[in-house]
Structures are given as C-alpha cells and as structure tokens.
Amino acid sequence: VEIAEEEFRRTIEVNLFGAFHAARHAIPHMAASGGGSIIFTASELALVGSRRNAAYTASKAALIGMARSMALDHA
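One point on numbering: in this note's numbering, the residue at position 31 of the sequence shown is 17, and numbering is uninterrupted.
Note that these hints are calculated values from the structure, not bench results. Treat the numbers as computed from the prediction; the structure is a model and nothing was measured. Backbone N, C-alpha and C fix where the C-beta goes; we use that ideal spot for every residue, glycine too. Check each hint, because a few of them may be wrong.
Said to hold, decoys possible - Label-pair distances were calculated between CB atoms; the ranges are:
1) Ala40 x Ala61: 27 to 33 angstroms
2) Met16 x Val(-13): 20 to 26 angstroms
3) Ser36 x Ala61: 29 to 35 angstroms
4) Glu(-12) x His60: 37 to 43 angstroms
Could you put the whole structure together from the sequences, leaning on the hints where they help?
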C-alpha cells in the first residue's frame, strides 16, 4: 500500500469519524422531533475498489456499513 499510515488514519478520521460524530449529534434531536433523515456521501469506489486509493475506498465502504447499521438501530 503506497500511503503513509498517518495519511490513512487522517482519511478514515475525516470520512468516517466525521460522519459518525455528526450523526451521533443529530440522531437524538431527530428522535425528539419525530424522525428525519441523515444522508451520507459515499462513493461507488467503496463497492469496486480503486488503484492507489485504499484509504479513501476503505473509508467510504465503512461509511456505507455504518449508515446501514445506524438505519437499523434507529428505524
């Protein structure tokens, strides 16, 4: 993998944990007001992969999985 570990961590931090923190903040407010929607922006690369793009691809695949799990938890 041609990426520095710090760059890989930073990509996961921004693309996955950023969405996690936003959703964690929004969900209680949405539940209190009767519902709502959270829309994350992923990428088709999460499903098919991409050369020299492991961090981005992994972060977007994880985002899709997280969104699906959150939807089940808060449906």
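Can you name, in rising order, the numbers of the hints this structure does not satisfy? Of the numbered hints, just 2 does not hold.
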